[in-house]
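Next come the chains, spelled out residue by residue.
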Amino acid sequence: MLSKRIIPCLDVRDGRTTKGIQFKNNVDIGDPVEMAKFYYEAGADELVFYDITASSDRRGIMIEVVHRVAATIFIPFSVGGGLQTVEDMREVLLAGAEKVSVNTAAVLNPEIIARGAEAFGSQCIVLGMDVKRVPASPAIPSGYEVVIHGGRTPMGIDALWWAKEGERLGAGEICLNSIDADGTQDGYELTLTRMISEAVSIPVIASGGAGRPEHLAEVLTQGKADAALIASMVHYGTYTIQEIKHFLAQRGIPVRLTW
Amino acid sequence: MVVVIDYQAGNLTSVVRALAALGAESRVTGEPAVVAQADRVIFPGVGAAGKAMAVLRERGLDEALRRAQERGVPILGICLGAQIILEFSEENNTPCLGLLPGRTRALPRLPGLKVPHMGWNRVDFLRPHPVFAGLPPAAEYYFVHSYYPDPALPEMVAGVTEHGVSFVSALAWRNLVATQFHPEKSGRFGLQLLANFLAWDGILAQ
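Taken in sequence, the protein lines are chains H and Y.
Everything in the first sequence is counted per the working numbering, starting at 1 for the first residue and increasing by one.
Everything in the second sequence is counted per the working numbering, starting at 1001 for the first residue and increasing by one.
Hints were generated in silico from the structure; no laboratory data involved.
Please read these numbers as outputs of a predicted model, since none were measured by experiment.
Heads up, a few of these hints could be off.
20 Å max Cα-Cα, derived SDA-like pairs, lysine to any residue [stated by the list, open to error]:
| no. | chain 1 | residue 1 | chain 2 | residue 2 |
| --- | --- | --- | --- | --- |
| 1 | H | Lys37 | Y | Ala1020 |
| 2 | H | Lys37 | Y | Arg1017 |
| 3 | Y | Lys1051 | H | Lys37 |
| 4 | H | Lys37 | Y | Trp1173 |
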């Protein structure tokens, strides 16, 4: 039976992880390669790197990080942030990432999904979606709107429509981030996650709001998510991945326990 | 020399890096003449069967693979490389290499079941084999695929996995082994499998 994936997310700026991360065992808390190794050995099923520098003149720094991570860990990882073209994607994939994620660029130019899928295969292309709850309207019948620029710019696009459109264009996976839940540590947006997950046949990674293992249990059952993105709850050492997985396993949720 | 066959079907860097981590040098090639010199062949790949077969034929790599199989060198197919070694694929209705008898079939579309099958899953290894030795039953491997190999003879099935249906996730026949999952992305146990392959003489101990 397919296991539900637990995916730590690392924000990288100028080649360094940005969150104040508290680790023991002499881990260089600012070095994304050390962090990747730590999480690989701690049982992460996959990693997500988000390059918040996201400017083309600094992409070389991130590419170097991707090269080093790929030589160090042997689980899949994706890289997102500021990828605008198929050539940007190619550079990241050739450096050793398994997948690339596109968010703002895909909203502004949906063709990048199709062109990326054609060039590298759907399994490489993750559609990142930032979504905000709004009153349902003729333009946004689901009551969830796509936003870009980290949540600042509403696009007048219905999130449910966009998820299906992303799948049609060739995305192999959706990483669904709730702007309302993000940073709250109060739990994932279950209604949104379930709605999107039931509407598409590709896997959905839930993002935003994880604070306790219960939140993952909820989103992987009621929310119908295939994977859960986590950040603060592991970065600050509050929980280990092993603790989270054992919590889920005790509730009958299939997770990978041997690594 | 370990040869990794390049036929423009996906990214080979992860396979090469995993081999490097095991201390094995490998050569990525699309040249049949280089394949003819190989001591060991890895045949990875992601993507669509139709395009992959077209490139293999155009470059003469289909013949090179058949000769490698006849020479008895150990061959490891991965993902698409575990599918197009059969005679036919339902993906693009493609006649394939036919290194083994059988067909590649589409995973069934069942309510609530996600396709592609993407993520970690177990493999139930059905019989002892040097390449699959020492792997704990609870180990999981990374999959990403929508089709699966279905060899004609049950004795070619080395392992099975559950995703809505039970499908063949590992094959073994003489000097050929193949996995539907990606050992190069499957953590410690995937590396163990690759190390086993690098040490295997291509002879199947029964």
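Structure-based check of all given hints:
At roughly 17 Å between alpha-carbon atoms, Lys37/H and Ala1020/Y fall within 20 Å of each other, so this suggested pair holds. With a C-alpha separation of about 15 Å, the suggested pair Lys37/H and Arg1017/Y falls inside the 20 Å cut-off, and the hint holds. Of the pairs offered as hints, the one joining Lys1051/Y and Lys37/H is violated, with about 36 Å between alpha carbons and a cut-off of 20 Å exceeded. This hinted pair does not check out: Lys37/H and Trp1173/Y have alpha carbons roughly 36 Å apart, beyond 20 Å.
The earlier numbered hints that this structure contradicts are 3, 4.
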